[in-house]
Amino acid sequence: MAGTDAKVAFRNVSKSYGAIEVVHDVSFELNEGDFVSLVGPSGCGKTTMMNMLAGFTQPTGGAVLLEGEPVAGPGPDRGVIFQEYGVFPWLTVENNIRFGLNLAVRRDIKKDEKSAIVEKYLALMRLQEFRNAWPKNLSGGMRQRLALARAYAANPHFLLMDEPFGALDAQTRADMHDLLLGIMQAERKTALLITHSVDEAIYLSNRVLVISARPSRIVDDVHIPFPFPRTRDLLDDKEFIALRRRMRDLVMKQYADQLALR
Amino acid sequence: MSRLADALWRLAPFACVVALWYGVKWSGIFSPGLLPAPHEVAIALFERLRYNNFLIDIWLSVQRVLLGLLFGMICAVPVGFLIGWNRRLRRFVDPLINFFRALPPIALIPLVIVYLGIGEIAKVAILFYAAFFAAVIVMYEGMSQISPIYIKVSRTLGATDFEIFTKVIVPLTLPHVLTAARVALGVAWATLVASELVAAQNGIGAVIQNASAFFNLPVIYAGIITIGFFALLMDTLLRAASRRLLSWQDSVEH
Numbered sequence: 001m002a003g004t005d006a007k008v009a010f011r012n013v014s015k016s017y018g019a020i021e022v023v024h025d026v027s028f029e030l031n032e033g034d035f036v037s038l039v040g041p042s043g044c045g046k047t048t049m050m051n052m053l054a055g056f057t058q059p060t061g062g063a064v065l066l067e068g069e070p071v072a073g074p075g076p077d078r079g080v081i082f083q084e085y086g087v088f089p090w091l092t093v094e095n096n097i098r099f100g101l102n103l104a105v106r107r108d109i110k111k112d113e114k115s116a117i118v119e120k121y122l123a124l125m126r127l128q129e130f131r132n133a134w135p136k137n138l139s140g141g142m143r144q145r146l147a148l149a150r151a152y153a154a155n156p157h158f159l160l161m162d163e164p165f166g167a168l169d170a171q172t173r174a175d176m177h178d179l180l181l182g183i184m185q186a187e188r189k190t191a192l193l194i195t196h197s198v199d200e201a202i203y204l205s206n207r208v209l210v211i212s213a214r215p216s217r218i219v220d221d222v223h224i225p226f227p228f229p230r231t232r233d234l235l236d237d238k239e240f241i242a243l244r245r246r247m248r249d250l251v252m253k254q255y256a257d258q259l260a261l262r
Numbered sequence: 001m002s003r004l005a006d007a008l009w010r011l012a013p014f015a016c017v018v019a020l021w022y023g024v025k026w027s028g029i030f031s032p033g034l035l036p037a038p039h040e041v042a043i044a045l046f047e048r049l050r051y052n053n054f055l056i057d058i059w060l061s062v063q064r065v066l067l068g069l070l071f072g073m074i075c076a077v078p079v080g081f082l083i084g085w086n087r088r089l090r091r092f093v094d095p096l097i098n099f100f101r102a103l104p105p106i107a108l109i110p111l112v113i114v115y116l117g118i119g120e121i122a123k124v125a126i127l128f129y130a131a132f133f134a135a136v137i138v139m140y141e142g143m144s145q146i147s148p149i150y151i152k153v154s155r156t157l158g159a160t161d162f163e164i165f166t167k168v169i170v171p172l173t174l175p176h177v178l179t180a181a182r183v184a185l186g187v188a189w190a191t192l193v194a195s196e197l198v199a200a201q202n203g204i205g206a207v208i209q210n211a212s213a214f215f216n217l218p219v220i221y222a223g224i225i226t227i228g229f230f231a232l233l234m235d236t237l238l239r240a241a242s243r244r245l246l247s248w249q250d251s252v253e254h
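Sequence order for the protein chains is C and H. Read in our numbering, the first sequence has 133 at position 133, and its numbers run on one by one without any break. Read in our numbering, the second sequence has 79 at position 79, and its numbers run on one by one without any break.
If you're looking for bench data, these hints aren't it; they were derived computationally from the structure. Don't take each hint at face value.
As the list claims (entries may be wrong) - For lysine-lysine, the following BS3-like pairs were computed, each having C-alpha atoms within a straight-line distance of at most 27 angstroms:
hint	chain 1	residue 1	chain 2	residue 2
1	H	K152	C	K7
2	H	K25	C	K111
3	H	K152	C	K136
4	C	K110	C	K120
5	C	K136	C	K114
6	H	K167	C	K110
To be verified - Stretches of chain C that chain H covers, calculated by requiring three or more beta carbons in the stretch to come under 8 angstroms of a beta carbon on chain H:
hint	stretch
7	71 to 77
8	83 to 90
What the hints assert, rightly or not - The following residues of chain C were derived to be distant from chain H, with all beta-carbon distances above 12 angstroms:
hint	residue
9	K120
10	A151
11	G166
12	A174
13	V219
From the three backbone atoms N, C-alpha and C, an ideal C-beta is built for every residue, glycine too.
When you get a sec, could you build the whole thing from the sequences and use the hints?
Here is the structure:
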């Protein structure tokens, strides 16, 4: 076990739903500023791991520690991005971003300060023109940009993303990757990303954990050596391609195991 | 200009019905005494308004419908809300609610007379019954479809339970309240004539029944058309309110 200064620590975490064990004895840590991805077959329990850190569900064995304390429930220190966006349809783009700032937990922030925060993330996520639009009129990519702006406006310490780009087309996805890298460069958060895509995981992360078929175990913990800031040129880099090949093989093997489970 | 065209387009179907009506009248399918012409009905309506205080009957009926709707909604919103959120409670009361809803209000009239007499309360009670059961089902079916993701998101932004209620659940409930009100309004108008069977003295339903006793077909038609007119008018108002309040929703067109 590494030092106690880890921001997030999974300590021998297990989770069962009735007789079905979805997570089995998982231990890993996130340090300040880490961007860690979990890749593995669908249905393998990755989302359950994130839900335990988000505080939506509790482990049945072991502990999920947040700055040394067991996670008690959801909180504004952990922003969550869902695949289905979760943008509030009854609020305009601007008011979606403002939502978290208008809650009682933020009453110490002054009004013009709140407006400045909203403006900042409208700009960073290129949504200024759509500030008064309803979410129903936004594309999938724009909705996810809005969800990201809303999460950032609440100034969380951690960013938890559950297949955030899974519903987007390839081009929008690539665009979102660079937007995410950009906003992470401007304001580093300690991040956990769940994804199916090995490319996405390597491109965005400084560490990738490969997760086994159900019940989830950590099969491999891969350090991604490429420095930040990253650009799309990295995707053509020889070392990137070699790493991707090695990890794809490993992930494919987990998929095969998961299929055998069914 | 396009607004005028739009308004005309909306009135066109009614013009078609009137034309069809004249067509049937002049074709001689019905003997002349059994089918009044539209202009005869218009004259009967005008005379009712002019000499028989028909406006008072209309006002009484509108009042009964609105009171039945109001009390029905006041009860249906919180009850539907609770049932919608609590799956076990829902399984428990669902058969009961469907049973009571399936009873035609007209079949309850003898009981209503026994327990509530023949006054205004009895009439409003029947409309309340009809409005409540129609609205409560719309409410709880709508509530149970609300996606939990918005609640999850607001928790991760730091919302308290009270804030989740006022800032997330209330706006998500509003569309269902408005739909429930529209459904209940329609049912209340449909039940009006039945409710005014209770010692019919006044109201549009009473006018129709009295006219029926004298075989006064133009007045019967005039009464029916008046009910349709006010039901449509109120529905149009509610729909306009929905459009304004729910412009964020995908499905609000018309």
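- Query: For the pair supplied as a hint, K152 of chain H and K136 of chain C, is the alpha-carbon distance within the 27 angstroms limit?
  - Reply: Holds, at about 20 angstroms.
- Is the nearest CB of chain H more than 12 angstroms from the CB of K120 of chain C? K120 of chain C is indeed farther than 12 angstroms from all Cβ atoms of chain H, at 17 angstroms.
- Item | Beyond 12 angstroms from every chain H Cβ - status for G166 of chain C | holds, 15 angstroms
- Message: With the threshold set at 27 angstroms, check whether the alpha-carbon distance from K110 of chain C to K120 of chain C stays at or below it.
- Response: Distance ~15 angstroms between K110 of chain C and K120 of chain C Cα, so the pair holds.
- Task: Would you mind confirming whether the straight-line C-alpha gap from K25 of chain H to K111 of chain C stays at or under 27 angstroms?
- Result: violated, 71 angstroms
- Holds or violated: are the alpha carbons of K152 of chain H and K7 of chain C at most 27 angstroms from each other? Roughly 23 angstroms separates the two Cα atoms, so the pair holds.
- Is the Cβ of A151 of chain C farther than 12 angstroms from every Cβ of chain H? violated, 8 angstroms
- Item | 8 angstroms C-beta criterion, at least three residues: is the stretch 83 to 90 of chain C covered by chain H | holds (count 5)
- With d taken as the least Cβ-Cβ distance between V219 of chain C and chain H, does d exceed 12 angstroms? holds, 29 angstroms
- Task: Could you grab the alpha-carbon distance between K167 of chain H and K110 of chain C and see if it respects the 27 angstroms cut-off?
- Result: Within the cut-off at roughly 20 angstroms; holds.
- Item | Interface-negative label, A174 of chain C against chain H, beta-carbon threshold 12 angstroms | holds, 25 angstroms
- At a Cβ distance under 8 angstroms, does chain H reach at least three residues of the stretch 71 to 77 of chain C? Answer holds; 4 residues pass the 8 angstroms Cβ test.
Violated hints, listed in ascending order, are 2, 10; each of the other numbered hints is respected by the structure.
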